[in-house]
Structure formats: C-alpha cells, structure tokens
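Asker: Residues per chain, in single letters:
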Amino acid sequence: NAGVIQTPRHKVTGKGQEATLWCEPISGHSAVFWYRQTIVQGLEFLTYFRNQAPIDDSGMPKERFSAQMPNQSHSTLKIQSTQPQDSAVYLCASSWGGDGDTQYFGPGTRLLVL
Amino acid sequence: DAKTTQPDSMESTEGETVHLPCSHATISGNEYIYWYRQVPLQGPEYVTHGLQQNTTNSMAFLAIASDRKSSTLILTHVSLRDAAVYHCILRVNTGNYKYVFGAGTRLKVIA
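Line order of the protein sequences matches chains E and B.
Quick note, the numbering used here runs 200 ahead of the 1-based positions in the first sequence.
Quick note, the numbering used here runs 12 ahead of the 1-based positions in the second sequence.
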C-alpha cells in the first residue's frame, strides 16, 4: 500500500499564477480531506469529500480556492491568482468512511508563492 | 482551545524506552485518544489510538490511565527514525473530522 500520494511535493509560483495540487487517496478509502499547515496557524481544515461528493468546505477561502474529486482515485485543490500568504504545506488525508475514522495523511505539497 | 497538554520536548538515546506523557483532564466519555507523529517535510503519521484499554501495535504501546485523564505513549528501543514531533489529540468517533494539532512534544534521539 503506497499510502496517500500527493503531487507535486514542491511547487513555486509567482504571485497571481494558478496552482493545482493533486491527491491520490489510499485505495478503498471513501473520504478525502484537505488541510493547510503553516508554522503560525498550525493545521487548518479546508475541505472534505466522501464518496466523491463535497461534504464540508467550511475551511476553504471563498475566493480563489476550489477543490474537486472527479473520481474515487484522485482529488485536486486549485488556487487561482496565488498570493504570498497562500504559501504553506497543503496536506491531503484519506480515511475509510469519513467522519470519525482514522485519517492517514500524505507527505504534503509545499507551495511557495513569490 | 487545547484539550491536551504535552511537554514541549524530550530527549532520549538510541535503544532506550521513551515515555511520552499527555494530560487530558477534561476528556469526555466518547472521546478517543489519538497519537500522530510528524517529521520535517512529511505529513502527520498515524501512530495509535485508544479509548479506555491499553493498546499496542508495531509502532508503540499506549497506556491509558484508569480515569482516562492522562495517557502515555511508550516507544521501545527508539532509533534516530523515531525523532519527530508527537501529537496527542482527542477525537469523538462520529462527526468530528477536523483534526487540530497542538504544538506536541518534540522528541530528540541521540545516537
């Protein structure tokens, strides 16, 4: 089992550019979660899919951030018009059924916006 | 609103057994005790969890006090690879999927 896969591991973008982050959950897991981690803010919940349907996006900045899960094997987090304050490690996690199940995290994508 | 208290840092030597404490005096009856660890440039790694009984797996032994107000993660024969920040968190088993980590305990392992 390869665990949760995230690509790319590192991404550098210029201010105003678009960034797309990919996540492949553990095979068989029906829930996918996106978090953002910074030293200052710690771990912040962004959004949650179960069986590919969006369940909770309450942590997503309303502008510029969007997430999709077009099939059970991958999810994407897109940030439009990136800003320096978007610089963070973006973590994807998956679990068997969502809600209270144990979440397994990927290695993260380190985004740097210059 | 941190519900767990952990020491900022601990140090151990390779091969030793380490006891990482966590205090959770206001734990509710339906809250599980979870442990994750994180090393630089990696996501949090699940270690173990328990409700009331002590648990063990290939990574660690979790000792839970009888009143559940504290727990201890025990790592035996630690190696340099065990150096990480260890997070103790409380979670209910339904409807609580937003993980929140505190500062955790930074474990330093000396060769």
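A couple of the hints might just be wrong.
Lysine-lysine pairs mimicking DSSO-like chemistry, simulated, CA-CA at most 27 Å apart [claimed, not checked]:
hint, chain 1, residue 1, chain 2, residue 2
1, E, K211, B, K110
2, E, K262, B, K110
3, B, K15, B, K81
Treat the hints as calculated values from the structure; they're not laboratory data.
Asker: All hints, please: hold or fail.
Answerer: Consistency of the hints with the structure:
| no. | hint | verdict |
| --- | --- | --- |
| 1 | E:K211 to B:K110 | 25 Å, holds |
| 2 | E:K262 to B:K110 | 18 Å, holds |
| 3 | B:K15 to B:K81 | 11 Å, holds |
The structure fails none of the hints (numbered hints given earlier).
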